[in-house]
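Protein chains in written order, with the numbering used here: chain S, 1 to 229; chain A, 1 to 303.
No wet-lab data here; the hints were simulated from the structure. Note that the Cβ used here is the ideal one computed from N, Cα and C, for glycine as well. Any given hint could be a false lead.
For each label pair, taking beta carbons as the anchor points, the in silico distance ranges come out as [to be verified]:
#, chain 1, residue 1, chain 2, residue 2, range
1, A, 9, S, 30, 32 to 42 Å
2, A, 278, S, 61, 52 to 62 Å
3, S, 49, A, 299, 32 to 42 Å
4, A, 3, S, 54, 20 to 30 Å
5, A, 247, S, 142, 50 to 60 Å
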Amino acid sequence: MIRPLIDIQKVSKHYGQIRALSRVSFAIHKGEFVCLVGPSGAGKTTLIRLLTCEEKPTFGRILVGNRDIHLLPKREIPLYRRKIGVVFQDYKLLPTKTVYENVAYALEVSGEPTKVIKERVPKILELVGLSGRANNYPDELSGGEKQRTSLARALVHKPHILIADEPTGNLDPATSWEIINLLFQINKKGTTVLLATHDREIVNALRKRVVGLKGGKLIYDKKRGKYIV
Amino acid sequence: MISFWRVIKFGFQNFWRNPWLSLATVFTFALTLFVISIFFFLVLVTQTVTKAIEEKMDLVVYLQDEAKEAEILQLEEAIRNFPGVKSVKYISKEEAYEIWQAMPTSERIKQLVTPEKNPLPRSLQIKVEKPEILEEVSNYVSGAKWQPLIQEKGISYLRNKLIIQRLTNITKFVKKIGLILAIIFLAISILVIFNTVRLTIISRKDEIEIQRLVGAKNSFIQGPFLVEGVLYGFLATILSTFFIYLLLRYTSPLILQYLGEVSFDLKQFFTSNLFRIFVVQFLIGVFVGGLCSLVSVRKYLKI
Numbered sequence: 001m002i003r004p005l006i007d008i009q010k011v012s013k014h015y016g017q018i019r020a021l022s023r024v025s026f027a028i029h030k031g032e033f034v035c036l037v038g039p040s041g042a043g044k045t046t047l048i049r050l051l052t053c054e055e056k057p058t059f060g061r062i063l064v065g066n067r068d069i070h071l072l073p074k075r076e077i078p079l080y081r082r083k084i085g086v087v088f089q090d091y092k093l094l095p096t097k098t099v100y101e102n103v104a105y106a107l108e109v110s111g112e113p114t115k116v117i118k119e120r121v122p123k124i125l126e127l128v129g130l131s132g133r134a135n136n137y138p139d140e141l142s143g144g145e146k147q148r149t150s151l152a153r154a155l156v157h158k159p160h161i162l163i164a165d166e167p168t169g170n171l172d173p174a175t176s177w178e179i180i181n182l183l184f185q186i187n188k189k190g191t192t193v194l195l196a197t198h199d200r201e202i203v204n205a206l207r208k209r210v211v212g213l214k215g216g217k218l219i220y221d222k223k224r225g226k227y228i229v
Numbered sequence: 001m002i003s004f005w006r007v008i009k010f011g012f013q014n015f016w017r018n019p020w021l022s023l024a025t026v027f028t029f030a031l032t033l034f035v036i037s038i039f040f041f042l043v044l045v046t047q048t049v050t051k052a053i054e055e056k057m058d059l060v061v062y063l064q065d066e067a068k069e070a071e072i073l074q075l076e077e078a079i080r081n082f083p084g085v086k087s088v089k090y091i092s093k094e095e096a097y098e099i100w101q102a103m104p105t106s107e108r109i110k111q112l113v114t115p116e117k118n119p120l121p122r123s124l125q126i127k128v129e130k131p132e133i134l135e136e137v138s139n140y141v142s143g144a145k146w147q148p149l150i151q152e153k154g155i156s157y158l159r160n161k162l163i164i165q166r167l168t169n170i171t172k173f174v175k176k177i178g179l180i181l182a183i184i185f186l187a188i189s190i191l192v193i194f195n196t197v198r199l200t201i202i203s204r205k206d207e208i209e210i211q212r213l214v215g216a217k218n219s220f221i222q223g224p225f226l227v228e229g230v231l232y233g234f235l236a237t238i239l240s241t242f243f244i245y246l247l248l249r250y251t252s253p254l255i256l257q258y259l260g261e262v263s264f265d266l267k268q269f270f271t272s273n274l275f276r277i278f279v280v281q282f283l284i285g286v287f288v289g290g291l292c293s294l295v296s297v298r299k300y301l302k303i
């Protein structure tokens, strides 16, 4: 059996009395497209914050590429984060940098040479359809454009895993589909995608694996699943 | 190495792309430096002036025309041996006449005195190490032993007693309190600068979080802030030195006039110390700016 890329083992996360996650276990294999669904407060964002190493689980562990990411020494956390790409509902773009610079930043942090940056950034901007907006600042962009910038930034360093936390949460349906289509294409090229969403229509149309959370518990996990939570 | 240049570039970028925030920070910083400098400057000037006044504070004893040379020599010797006395100078009638002629007064007044008809008394000019000695010396001189030699009301100290005592008190006060005040002031200023830089960074808390999530190392996040802090310090120094220059340029004639008797040239003092003032401010500014930004960013780098 092939080792999973992400292995979530009996993970619980407590915030004082609140149990955000209770003994959640599931695995994601390389190349999969997984929808993480559930109503607000189900624990989707908590799980993602654990995956990005912003928080540590109260119990259990998460293995990524067979390493427990919460046992990584502090200085290795940035290196781990460079291997994953994250897209957020609120885009999290740097307001004082242009679209181009925001995307380039993800490469600059890992010390990529300028030559590589000049080569890769325009390509990825073309992929997400933002070539014409390279020199605009985030507050000059529409919601969809911001999210595509965020997506470009998450992808430019060729991550193994793309994590998208409600990427369509602030977008209208048509724009949402543009983003989902991009995720779909990216997945076809081999990147593993974890999409957290509560958009029933999108999940049902995708017909991909669905993992359902409710009240911090895993209640559903099915290939070619539907939004049933 | 490439990261190093990027850090510098981002530092400047942060500065230029938040122009109002940066400008406000630089101005606050500059004003603080300016106030510190002016304060230190004042302490320095007061000390120099009081020193000059102390130097000037001498004692003149006017002698009776009838007093014999031998007796005067005796008195001179006695004063010279008095503890704390720096020097005693005898002014003869001829010398007094020359001094009179050299005084910046009108010819008519000068002509009141001629070598033949000279009412100016002989005198002893006494310089002391500390103003406190003045009183002791004058008490000694006005004792019964020397009284016949000395003119009535012929001891300058007794005439100026009140003003000398006041000046002495002020000098003492400045020396004692000046340093304490300077330290308190410096502490307050550093806190103000620290707070300004901190607020600038707090306003960019989200950016720091984003940078961390994209996988930036702490040094890569801190670096530009450090560059920015140093830049604040540098620009603030230039601005503050410029303020000082303007201030002194327009006020030094007034101060000079006021302190005229002390003959202390403030402007010259400033120009000869301009470079030093700049360097000290620059070091304080760059050090404080850099340190403050490092300390403030640190808070958001945990996890």
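Going through the hints against the structure:
{"no.": "1", "hint": "9/A with 30/S: 32 to 42 Å", "result": "holds (37 Å)"}
{"no.": "2", "hint": "278/A with 61/S: 52 to 62 Å", "result": "holds (58 Å)"}
{"no.": "3", "hint": "49/S with 299/A: 32 to 42 Å", "result": "violated (20 Å)"}
{"no.": "4", "hint": "3/A with 54/S: 20 to 30 Å", "result": "holds (23 Å)"}
{"no.": "5", "hint": "247/A with 142/S: 50 to 60 Å", "result": "holds (52 Å)"}
Hint compliance for this structure: hint 3 alone is broken.
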